[in-house]
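So for the sequence shown, the working numbering puts the first residue at 3; every next one is plus one.
Honestly, the hints are just simulated from the structure, not real lab data. Every value quoted in this text rests on a predicted model; they were computed, and no experiment measured them. Wrong hints could be hidden among the right ones.
In silico DSBU-like cross-links for lysine-lysine, where the CA-CA straight-line distance does not exceed 30 Å [stated by the list, open to error]: (1) Lys42 with Lys93; (2) Lys167 with Lys185; (3) Lys192 with Lys167; (4) Lys77 with Lys93; (5) Lys93 with Lys167.
Per label pair, the in silico range of CB-to-CB distance [unchecked claim]: (6) Gly106 with Arg223: 54 to 60 Å; (7) Asn218 with Gln23: 53 to 59 Å; (8) Ile249 with Gly44: 39 to 45 Å; (9) Phe41 with Ala179: 40 to 46 Å; (10) Asn40 with Leu206: 55 to 61 Å; (11) Ala179 with Asn40: 44 to 50 Å; (12) Gly44 with Ile193: 47 to 53 Å; (13) Glu209 with Gly44: 41 to 47 Å; (14) Leu206 with Val102: 40 to 46 Å; (15) Arg195 with Met39: 39 to 45 Å.
All C-beta atoms in this analysis are idealised placements derived from N, C-alpha and C, irrespective of residue type, glycine included.
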Amino acid sequence: MMALSAKDSFRVERDTFGELQVPSDKYYGAQTARSMMNFKIGGPEERMPLPVVHAFGILKKAAALVNQEFGLDAKIASAISQAADEVIAGKLDEHFPLVVWQTGSGTQSNMNVNEVISNRAIELLGGQLGSKNPVHPNDHVNKSQSSNDTFPTAMHIAVARELNKHLLPSMGTLRDALQEKAKEFEKIIKIGRTHTQDAVPLTLGQEFSAYVQQLNNGIARVEATLPRLYELAAGGTAVGTGLNTRIGFAENRDYGSTIRDGSEQVRSPGRPRRAGGGPRRSQRCGDVADEDRQRHPLPGQRTSLRPRRAVAAGERAGKLDHAGQGEPNPMRVFDDDLRAGLR
C-alpha cells in the first residue's frame with residue numbers, strides 16, 4: 003500500500019465540474035471529494051455503515067470476475083479483485099469518509115467504492131493515483147452496474163451478513179442461556195402476577211420458559227426475512243432490465259457464488275421492485291401511491307435527445323449510468339445545442 007504523505011499534500015483529480023484537490027494519502031477521488039463539499043452535514047457517527055462498504059467490496063469483486071469472462075482484461079480484473087478483497091477485509095476503511103446524507107440512489111457511495119478500488123488497483127499495477135489508467139472507476143470497476151442495482155444489492159448483502167454473523171448467533175446465545183435458567187429454576191415456586199396483583203403460583207422455570215419462547219419466535223421471524231434478502235438486484239442496472247450488461251451476466255453462476263457469503267443469495271425473480279423493509283413497512287409502502295414518494299419526471303425532451311448525446315459521447319456511449327453520468331464527454335453537459343433543447 004502507498005506510503006502516507008504529509009497531511010497537507012494533495013493531488014489534483016478531475017470530474018465533470020472541474021479540478022479538485024484530493025489528499026494524496028487517500029484512495030478516493032474527485033466525486034467523493036465533491037460529495038464531501040456538497041454535504042457538509044453529519045459527522046463520524048453518521049458515516050455510511052462499514053458493513054455496507056464491505057458488502058460493496060463483495061459485489062465489485064464478483065462483477066470483476068464475471069466481467070473477465072466477458073472480455074475484461076485479466077490483469078485489470080485481478081487487480082480489482084485484490085483491491086476489493088482489501089475493502090472486504092476492512093483494510094481500507096479510512097478511505098470511505100462519506101456520510102449517509104447524499105443523493106437518494108447512493109451514487110456517491112457507489113463512486114466512493116469505485117474510486118478507492120480503482121486507485122488501489124492502479125497502485126497494484128504500478129500506475130499513478132488519479133490517472134484512471136489502467137483501471138477506470140466507471141468503465142472497469144463499475145462495468146455492467148448502476149447505482150440503482152449496486153446500492154440495493156450492497157444493502158441486502160450487508161444486512162444478510164450482519165444477521166447471520168451477529169444478530170442470529172447473539173439471539174441464539176441468549177435463548178440458550180435462558181433455557182439453562184429455565185431448567186435450573188424448574189423447582190422454584192413463585193406467585194404469578196397479573197394486572198400488577200398477586201395471582202396463581204407457577205415455577206420460576208416456567209416464567210423463564212416464556213422468555214425462551216419469545217426468543218424462538220424472534221429468531222424465526224428474522225430467519226423468515228432471509229429468503230427475501232437473498233434476492234439481489236445485481237445485474238438489473240438502471241431500471242431493473244439489465245440494460246448495458248452482457249446477456250447472461252446476472253445469471254452467471256460465478257457472479258452468484260462470489261456474492262454468496264455463507265448463504266444462498268440469488269437473482270431476484272422480479273427485478274424492478276423495492277428492497278424490502280419490515281413486513282409492516284412493506285405493506286404500508288404498497289398502500290401509498292408511487293408518485294407520493296418519487297420526484298416528478300423531467301420533461302420528455304431529454305429522452306429524445308439521447309441519440310445526440312450518445313454521438314457526442316463517442317466510444318463510451320452506453321457504458322455509464324448514474325454513477326458517472328457526466329464522465330464520457332463534457333459535451334453531454336455543456337453542449338449549447340443540448341442546453342437550448344432542454345430550455
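Are there hints from earlier that the structure breaks, and if so, what are their numbers? Numbers 3, 6 and 15, in rising order.
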